[in-house]
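Trainee: Top to bottom, those sequences are chains A and B. 1 is the number of the first residue of the first sequence in the numbering used here; add one for each residue after it. 1 is the number of the first residue of the second sequence in the numbering used here; add one for each residue after it.
Everything labelled a hint here was simulated from the structure, so no lab data went into it. Glycine included, every Cβ here is placed at the ideal spot set by N, Cα and C. Hints are not guaranteed to be accurate.
Simulated restraints on C-beta separations [said to hold, decoys possible]:
#	chain 1	residue 1	chain 2	residue 2	range
1	B	303	A	396	47 to 53 Å
2	A	232	B	245	47 to 53 Å
3	A	75	B	89	54 to 60 Å
4	B	135	A	329	47 to 53 Å
5	B	293	A	329	46 to 52 Å
6	B	135	A	373	51 to 57 Å
7	A	319	B	16	37 to 43 Å
8	A	98	B	236	48 to 54 Å
9	A	94	B	220	37 to 43 Å
10	B	293	A	316	45 to 51 Å
11	A	50	B	280	33 to 39 Å
12	A	50	B	139	35 to 41 Å
Taking lysine-lysine and the DSS-like style, the derived pairs with C-alpha atoms no more than 30 Å apart in a straight line are [as the list claims (entries may be wrong)]:
#	chain 1	residue 1	chain 2	residue 2
13	B	188	A	149
14	A	149	B	113
15	B	76	A	217
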Amino acid sequence: MTNTTSETGRSLTGKRYRLDRPELLAPAGNLEKLKFAVHYGADAVYIGGQKYGLRSNADNFSFEEMREGVEFAAKYGAKVFVATNIYAHNEDIEGLEEYLKNLEEAGIAAIIAADPIIIETALRVAPKLEVHLSTQQSTLNWQAVKFWKDEGLPRVVLAREASLEEIAEIKEHVDIEIEAFIHGAMCSSFSGRCVLSNHFTDRDSNRGGCCQSCRWKYDLFIDAEQFEDNGEQFTMGSKDLCMIEHLPDLIEVGIDSFKIEGRMKSIHYVATVVNAYRQAIDAYFEDPESYKLKPEWMEEIYKAANRPLNTGFFFDTPGAEDHIYGPEDKGSPYDFAGIVLDYDAATGIATIQQRNHFKPGQEVEFVGPGGRFFKQTVGELKDKEGNKLDAARHPLQEIHMTVEQPVKRMDMMRKRIGKA
Amino acid sequence: MTVKKPELLVTASNLEELQRLIAAGADAVLIGDSRFGTRVPGDFTHEQMAEAVSIAKQANRDVRIYVAMNNIVDNKMVEELPAYVTELERIGVDAVAFGDPAILMAVRANAPKLKLHWNAEMTSTNHDTANFWGRRGATRFVCARELNMEQIAGMKARTDLEVQVQVHGMTNIYHSKRSLVQSYMDFKKLAEGANANGDEADMYLMEADRPDERYPIFEDSNGTHIMSADDLCMIENLQELMEANIDSFKIEGLMKSVDYNETVVRAYRTAIDAYCKDPEHYRFQEEWLEAIQAKQHPDRELSYGFFYKEQVY
Numbered sequence: 001m002t003n004t005t006s007e008t009g010r011s012l013t014g015k016r017y018r019l020d021r022p023e024l025l026a027p028a029g030n031l032e033k034l035k036f037a038v039h040y041g042a043d044a045v046y047i048g049g050q051k052y053g054l055r056s057n058a059d060n061f062s063f064e065e066m067r068e069g070v071e072f073a074a075k076y077g078a079k080v081f082v083a084t085n086i087y088a089h090n091e092d093i094e095g096l097e098e099y100l101k102n103l104e105e106a107g108i109a110a111i112i113a114a115d116p117i118i119i120e121t122a123l124r125v126a127p128k129l130e131v132h133l134s135t136q137q138s139t140l141n142w143q144a145v146k147f148w149k150d151e152g153l154p155r156v157v158l159a160r161e162a163s164l165e166e167i168a169e170i171k172e173h174v175d176i177e178i179e180a181f182i183h184g185a186m187c188s189s190f191s192g193r194c195v196l197s198n199h200f201t202d203r204d205s206n207r208g209g210c211c212q213s214c215r216w217k218y219d220l221f222i223d224a225e226q227f228e229d230n231g232e233q234f235t236m237g238s239k240d241l242c243m244i245e246h247l248p249d250l251i252e253v254g255i256d257s258f259k260i261e262g263r264m265k266s267i268h269y270v271a272t273v274v275n276a277y278r279q280a281i282d283a284y285f286e287d288p289e290s291y292k293l294k295p296e297w298m299e300e301i302y303k304a305a306n307r308p309l310n311t312g313f314f315f316d317t318p319g320a321e322d323h324i325y326g327p328e329d330k331g332s333p334y335d336f337a338g339i340v341l342d343y344d345a346a347t348g349i350a351t352i353q354q355r356n357h358f359k360p361g362q363e364v365e366f367v368g369p370g371g372r373f374f375k376q377t378v379g380e381l382k383d384k385e386g387n388k389l390d391a392a393r394h395p396l397q398e399i400h401m402t403v404e405q406p407v408k409r410m411d412m413m414r415k416r417i418g419k420a
Numbered sequence: 001m002t003v004k005k006p007e008l009l010v011t012a013s014n015l016e017e018l019q020r021l022i023a024a025g026a027d028a029v030l031i032g033d034s035r036f037g038t039r040v041p042g043d044f045t046h047e048q049m050a051e052a053v054s055i056a057k058q059a060n061r062d063v064r065i066y067v068a069m070n071n072i073v074d075n076k077m078v079e080e081l082p083a084y085v086t087e088l089e090r091i092g093v094d095a096v097a098f099g100d101p102a103i104l105m106a107v108r109a110n111a112p113k114l115k116l117h118w119n120a121e122m123t124s125t126n127h128d129t130a131n132f133w134g135r136r137g138a139t140r141f142v143c144a145r146e147l148n149m150e151q152i153a154g155m156k157a158r159t160d161l162e163v164q165v166q167v168h169g170m171t172n173i174y175h176s177k178r179s180l181v182q183s184y185m186d187f188k189k190l191a192e193g194a195n196a197n198g199d200e201a202d203m204y205l206m207e208a209d210r211p212d213e214r215y216p217i218f219e220d221s222n223g224t225h226i227m228s229a230d231d232l233c234m235i236e237n238l239q240e241l242m243e244a245n246i247d248s249f250k251i252e253g254l255m256k257s258v259d260y261n262e263t264v265v266r267a268y269r270t271a272i273d274a275y276c277k278d279p280e281h282y283r284f285q286e287e288w289l290e291a292i293q294a295k296q297h298p299d300r301e302l303s304y305g306f307f308y309k310e311q312v313y
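Hey, can you work out the whole structure from these sequences and the hints?
Mentor: In structure tokens form, the structure reads like this:
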């Protein structure tokens, strides 16, 4: 994270386009993740259905689960979007109309689509669904943004290659909502312009089969000579995007929706990252002039991180320091350990659903929305029946333990890795 | 029985190659420059493009010149588009191949006589998408190379647009805006080293589990490009594509010698002419393939690409 923000804290062109609060848009791989993302402060979540999405390995939602998700989100005033972002082949088209109508009926606010067949069909058969242009279209110029606006799209997700300056130019030329990825893993190619998986494994990357071949290691040969035979190999794998240190730039350039990547990521990841950005955005709008990044937001981000972080293309084209040569760091030294199901204020005992092994004597942290946070040592553990436990070893087991400060339902407990 | 002859289209890196490939039997030549096009085999100035048009006109049959504008367009490029396409129209170029709506807007506004060929490479995958771009002005749809024979045949049956299919040569499998080779060199602190110039060197990638496959990689002003380890070659099965009424067969000449491309054009020319003369009695002749095999790089397999493959997702 070596790039610097503009000194004034204003956008690069010196203009303030709008100071509406941008939407914080979070990924949700399943219903539980959706609930956590919303509870921790997402204004909208995007999910995948059973068809037409690019994460065929994610759990993905049935229409029934979508309805429940929409209902849950509505209580918080949040919206649910569905990614229908594949490039369809002829045989995928059958059933598309019905699928889109079902999304509309389930109360989905928008689809995120790249293929014109999906865009046109949605506009025709499901007029209450907004259509947002996916980053898979690699849109990088205002003229193309205007083209899609004229087609009836209220929002474009730009290519990840767009710089802050280019985003400012696009906002100057076209009055349309702009969504940009601000956090998470990145394709190192132009999105959609990569068929490595097709060639290496016969899996169709643009229909959800991506096997992340860009993160594999390769030998580079130059003029038939192997360039390096014992050191770190060549790779295309990128560090992950993190823009929390540059939030004023993103707001002041006029980005309307801040998108976090990661439909395959854990509850802990999504909730932690959303929590940090939520606090940062709210702090900025409370008092833009004296806004400052709080170190604890960064610390939280690092506790969820899977990979080293960088600022993508926002300031400059990524270089040597932005790719991951050699073994990938594990990232965070913390692991998700449990979810608070209940808390009894009279006894100070919390009911915790086990999400990972933990035991008495271990250091744990409790985290809740809005930055609630404390550390403690795990004391005595009991199961539902009141039997004493030497450790919480069973997935999803309900554990009773004394907590040193009040906790709330859906607070998370994490432990440091490395201690037995 | 009369059969509509499909077009034989090939890329050319310079005027000399263009002339030789037309003489060898190409009906159309795709040229361009690496500002508006990407992965073009050589850069043509407007003057050279005008010369190409004039060479095409002198041929003893109808030969067309297309210009590749398949780059990903940024804001700066948008400003340059009107002048560029206006000049292409004035020169008499027949069509541009494009993959960004900004090009469509610029051509419609400034150069309406230029035909528009939709080519978004790997994302041009279905007939409704073809028809979408058709309603907005495209006359031709260039199929993704990741489609199979059934999908391609189905495409032609359900669109009025001309359908173009690549039948020979390498395909692009990855395009990044990043300078990945340079980044790697910098990481190795060898940026000043003798071999650090990715532009000039012949480079490829190898992956431990696939020791027989060499994936060419190169860097230019448009970023990093990785290419297929094999060369498509559909000459044995060209009949199937002709029976499906595909309008244009493309030979990709990128990273190949003029001599090689000339041999390939001749082979396909012979096959197309033989089929169109007498479809009933057409038989593939082994010697057409053998002529190509004789010039084929030993490390690069000739393959059917995805034409007969089922992919999962």
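Trainee: Does each hint fit the structure? Answer for all of them.
Mentor: Structure-based check of each hint:
Separated by about 49 Å at the C-beta atoms, residue 303 of chain B and residue 396 of chain A satisfy the suggested range of 47 to 53 Å. Range check, residue 232 of chain A to residue 245 of chain B: Cβ separation about 51 Å, and the 47 to 53 Å hint holds. Evaluation of the 54 to 60 Å hint for residue 75 of chain A and residue 89 of chain B yields a pass: the beta carbon distance comes to about 58 Å. Distance hint for residue 135 of chain B and residue 329 of chain A: a CB-CB separation of about 50 Å, consistent with the stated range 47 to 53 Å.
Between residue 293 of chain B and residue 329 of chain A the beta carbons are some 48 Å apart, a value that agrees with the proposed interval 46 to 52 Å. Against the hinted window of 51 to 57 Å, the Cβ-Cβ separation of residue 135 of chain B and residue 373 of chain A comes to about 56 Å, which satisfies the hint. In this structure the hint that residue 319 of chain A and residue 16 of chain B lie 37 to 43 Å apart at CB holds, the actual value being about 38 Å. Judged by the Cβ atoms, the range 48 to 54 Å given for residue 98 of chain A and residue 236 of chain B is violated: they are separated by roughly 41 Å.
The hinted range of 37 to 43 Å is satisfied by residue 94 of chain A and residue 220 of chain B, whose Cβ atoms lie roughly 41 Å apart. At roughly 47 Å, the beta-carbon separation of residue 293 of chain B and residue 316 of chain A lies within the given 45 to 51 Å, and the hint holds. Hint check: residue 50 of chain A to residue 280 of chain B, Cβ distance near 48 Å, so the stated range 33 to 39 Å is violated. Taking the beta carbon of each, residue 50 of chain A and residue 139 of chain B are about 37 Å apart, inside 35 to 41 Å as hinted.
Proximity of residue 188 of chain B to residue 149 of chain A is assessed by CA-CA distance (about 45 Å); at most 30 Å being required, the pair is judged violated. A threshold of 30 Å between alpha carbons decides the hint, and for residue 149 of chain A with residue 113 of chain B the separation of about 26 Å falls inside it, so the pair holds. Distance check on the hinted pair: residue 76 of chain B and residue 217 of chain A sit about 35 Å apart at the alpha-carbon level, beyond 30 Å; violated.
Of the numbered hints listed earlier, those contradicted by the structure are 8, 11, 13, 15.
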